[in-house]
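*Asks:* Single-letter residue listing:
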Amino acid sequence: MDHLVQIILIGVILTNLVVLGSHPLNTCIRAVALQGVALGVLPIFLHGGEWSYHTFLISFMIIGLKGFLIPALLFRAIRDAVIRKEQEPLIGFTASLILGGGLVGLGFAVSGGLPLPAEMKSSLLVPVALSTVMMGLLVIVTRTKILTQTLGYLMLENGIFAFGLILTKELPWLIEMGVSLDIFAGIFVMGTLMGHINEEFNSLSVRKLSNLKG
Amino acid sequence: MLTKLISVLVTLVIPPLLPGIINKIKAIFAGRQGPPVLQLYFDLFKLLKKGAVYSTTTTWIFRAGPIVSLACILMASLFVALAGASSPLSFSGDVVAFAYLLGLARFFTVLAALDTGSSFEGMGASREVTFSILAEPTLFIIFIVLVRCTGSLSLSAMFGQALSLMPMKFAASLALIVFSLFVVCLAENSRIPVDDPATHLELTMIHEVMVLDHGGPDLAFILYGASIKLFLLLALMAHLILPMDSGDPVREWTYFGATVAALTIVIGIVESAMARLRMIRVPRLLTAACMIAIVGMILSLR
Amino acid sequence: MTLFLLALLLIFSGGVLALVPGLSPRKESVLHAGTIFVGCVVALVPVFKVLLGGQGASLQIPWTLPAGQIALAIDPLSAVFLFLHFVVSGASAVYGFSYFRHEEGKRSLKSVHFFFSVFVVFIALVLTAQNGILFLMVWELMAMSAFFLVVFDGHEPQVRRAGFLYLAATHIGTLCLFVAFVLLGMKAGSFDFDRIAGSPAIVPAGAAIFVLSVIGFGGKAGFMPLHIWLPEAHPAAPSPVSALMSGVMIKTGIYGIIRILSFFQTIPAWWGFTLGAIGVVSGSLGIIWALAQSDFKRLLAYSSIENIGIITIGLGLGCLGLSFGNPVLSLFGFGGALFHVINHGLFKSLLFLGAGSILHATGNREMDRQGGLLKKMPLTGLSVLLGSVAICGLPPLNGFISEWLIYFGAFHLGHGKDLYPLFGAPVLALIGALAVACFTKAFGMQFLGSPRSLEAAGAKESDVFMTGSMAFLGLSCCLIGLFPGAVLPAIGRALSVLVPSNLPNDLINQAPVLLGINQLALGLVAVVFLLFLLRKALISGRPVTQAPTWGCGHAFGSPRMQYTASSFAQFPVSLFQKLARPICETSRPRGYFPEPNAGFASRTPDLVWDRFLLPLIRRGQEWFHMLRGFQHGRVQLYLVYMFLFLVALFLWKL
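Protein chains in written order, with my numbering: chain A, 9 to 222; chain B, -11 to 290; chain C, 4 to 657.
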């Protein structure tokens, strides 16, 4: 069980690096989808393999939402706006990769100093969660296309979700509903925004937004 | 003693088989017959029977380049233990000697290329040293992970017996560095997606273009040395994938041979399935391999 | 000790005699080079005695200055640095005899001769001074004599600017050292080194002393970001002087830091981390900027910064070893650093002398204009090749051994979260790969290929003094690389100054590399020889012809179609775009039959200077400009200033 969890978490880090370093947008969306599926599968294996129907249902919902529904929306957005590739980010792909590696190290260093419950000290969950949050923030800050910024936001949410997995053995329905609504609303807003920006400027680059300055 | 002798013989005889296997796999994917698997042996014999033509611009460095680089690769091969046997030469900390001997081979190959005074060779030399700037730190990070896993500092121990005694918690790091080592192997041996060994245009070559002006026995030495370098890196990877700890030499040699052959086939499949990356994208690939190795190192340091 | 002092006196007198008017220039040169050479050989005798395990000699004479005395001593640590110093000085003096010959008729070499001798003497005194006041005095004298040597070609504005920059940098450093030594002396109650060492009173001021020493000694050594004077001063000085400065003078900074470290019994971990961080930054940025240069001596200057970075990484690892109680780490870290001091001194001076030979033969330092020099200057080329292979740290030469020692120390870390020193190994690998790129460019573009300019085509081999001194240095690199076991015991003894005496210093004598390196070197030479014979046998009966290099069908290939040094370096440097962006000035050809005045020039600015210091200096100038308002020339207001000052004094005291 523990090995499987470790492998899944390492897979999460690798998908983060893929998003940081890839050129084609399809790869980025698929990576985030894979990340969502991995994190959805995690609650089943996490707390010693004890699962109830509740956990199973939650995982199913999360996999459906993060792994299929939201990526489908994003793919449709790409098709409507006819964009294929990511432009060079503000700091360059290679520098993003190096920074991403540094953030992984930072996540591990910081998590070493946090006061965690004993069973969590040796697990990879906290470092991976922290690194995912930071790398999501990196993507939001350094990318110019709003689609990739949305992906960064999704990575951020994934990280927070992973962090939440530590604390609760059971996921109360209310919290789950709240999280899902949060994500859904965010994507909805971003999707509408994307559509409007595309209509207005005929491009999805955030740089054009500064044309709105008076 | 006997095993060391067998190791040396295997290192001297087997390597030219590997490029033949790769070319055969590429031919199969392309629907062709392809050259026979022993083609490189025939090529080497043909080249050894020829005379030599030297450029008027060159000096003794051009004539020394192939000899020194082959000598360095041969000496580096003495440090690698094959199939769990012990290597002919070994001392604690010889990983550094291994890496720097390959560096010395690269130094003289680059100098021999610059000696011809041709712009092609200058181009290839510039690219070769650039990719080595990214590959060397990755290699050392891989060594650090193995030092942490095995607690030993000599190449034959790191990639040999001690690896099978490694605690399970390092398994994840090991998987990550196998991937990084594979990318470094592709970069060092100028395989797709870093370089295209099949063409001879200056747009697509790194290693091929550096040896453009060599011919005859010099070219034979260079091709032979390149195949030994490929064999050594694949041997290291084979040791990482399949630990050799059974103690039964016959079984270990078969495992070893099978793994190296499998890895060669994988390289052939990668070469057939992918195209060469644009030159300016290659640093990104190498940086990604370096970052993955760093993630593996961070995991192993906990 | 008397032998040592006699040797120094001999060298000094040689310099003074050079000032005597009426000597013919030829005799002056012979006298100067002869006294330095003989003096260095004589001085090496007591140094070798200490290196081989003898007792250090010492001398103490009180003088009339308060709180000071003339205390000199050769202890094992000084002996290592003195060995390097006298070998390099002797070789440079012999080289300089020949190098300055073409200037003999044109202008007076008196200043160079005097200051060169004086420089050698003062460096030796810095390395043996055992009293804080004496140390500061000879440190300042050494820096001043170096200044006068740097501005030998002072008729060129570039050289004057370099000299001024050097003067400013070294005095800022000396100021910090003043404060540091005063702190040491005050706390410990005496300025003598043997009283300061181990005294518990200096521990509270330890942080301040360490920081001041790093700035003061580090500025001399070339730590980033205090390195800006190095790439200007070393190319501006004449080549034998650059060799001495780069080979020995910057090592006195390292010597100073090691001395300061030896005064403290426990070393906090943050010192080791600071030194390690400085080393990593200096090493990597230094070699990246070296790769981007097109002037050979500037490239070598940046490469010196890189090697000082490697030495500092070793020092940092050693300090961390002392703090964490890891004997292998401390011994191999410090040992590797000390060994690299010797190695770098030898091969860097060799390379600078080679640069001087190239300048002598072709008249310029631009690597983009050379080419094909190996055929015209075979001996110089072979020596520079040995220097290049050694500086890249490739086996079987000496650079490999010292880098191996540092690697070995870095791999030997304990368990726990103090594992940051492990990052030293990949950084060293990165620096090594960049050094290979840099020196294949430097050697390959100048000595190989075809000549890219008329001057390069007309080069001739230098005379026996120049090639002989370079060959001697190259030979010493080979010997130390093949027999490091001869040098390691001396280094182990030098370490006894630094590490507590309960650690086995001879651990370094059993470094595993010693077993392997002989087999490796021998094996390499044997296999090369066998392959050479094999190839000779193979092509013996067959046709061996010569033909022009294949030019892809071009009918009229020209040497200008070759890759130049800048084009070779463009791809590697482009990996580090944020750090080293070349500024290109192009004037494109216009029209269908363009004039021959199109051109392309590129230079890489130093990031610390251009982005950080120059704006800071300009901002400071603006501020001070604002203060000019106070100086308006009206006497009444000046009287008001005096009154206000008196009022302030009263208020303060009451």
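The hints are simulated quantities; they were obtained by calculation from the structure and are not laboratory data.
Heads up, a few of these hints could be off.
Said to hold, decoys possible - Pairs of lysine-lysine residues, derived as DSS-like cross-links and limited to a Cα-Cα distance of at most 30 Å, are as follows:
#1 C:LYS378 <-> C:LYS463
#2 C:LYS539 <-> C:LYS109
#3 C:LYS378 <-> B:LYS38
#4 B:LYS34 <-> C:LYS463
#5 C:LYS539 <-> C:LYS379
#6 B:LYS37 <-> C:LYS30
#7 B:LYS37 <-> B:LYS12
#8 C:LYS190 <-> C:LYS113
#9 B:LYS37 <-> B:LYS14
#10 B:LYS14 <-> B:LYS(-8)
#11 B:LYS38 <-> C:LYS539
#12 C:LYS379 <-> C:LYS463
What the hints assert, rightly or not - On the chain B side, residues computed to face chain A include the following (Cβ under 10 Å):
#13 LEU(-7)
#14 VAL(-4)
#15 ARG272
#16 ILE282
By construction, the Cβ of each residue, glycine as well, lies at the ideal position given by its N, Cα and C atoms.
*Asks:* Each hint should be assessed against the structure and marked as holding or not.
*Replies:* For each hint, the structure was consulted:
{"no.": "1", "hint": "C:LYS378 <-> C:LYS463", "verdict": "9 Å, holds"}
{"no.": "2", "hint": "C:LYS539 <-> C:LYS109", "verdict": "52 Å, violated"}
{"no.": "3", "hint": "C:LYS378 <-> B:LYS38", "verdict": "27 Å, holds"}
{"no.": "4", "hint": "B:LYS34 <-> C:LYS463", "verdict": "42 Å, violated"}
{"no.": "5", "hint": "C:LYS539 <-> C:LYS379", "verdict": "25 Å, holds"}
{"no.": "6", "hint": "B:LYS37 <-> C:LYS30", "verdict": "61 Å, violated"}
{"no.": "7", "hint": "B:LYS37 <-> B:LYS12", "verdict": "25 Å, holds"}
{"no.": "8", "hint": "C:LYS190 <-> C:LYS113", "verdict": "44 Å, violated"}
{"no.": "9", "hint": "B:LYS37 <-> B:LYS14", "verdict": "29 Å, holds"}
{"no.": "10", "hint": "B:LYS14 <-> B:LYS(-8)", "verdict": "34 Å, violated"}
{"no.": "11", "hint": "B:LYS38 <-> C:LYS539", "verdict": "12 Å, holds"}
{"no.": "12", "hint": "C:LYS379 <-> C:LYS463", "verdict": "6 Å, holds"}
{"no.": "13", "hint": "LEU(-7)", "verdict": "41 Å, violated"}
{"no.": "14", "hint": "VAL(-4)", "verdict": "39 Å, violated"}
{"no.": "15", "hint": "ARG272", "verdict": "5 Å, holds"}
{"no.": "16", "hint": "ILE282", "verdict": "5 Å, holds"}
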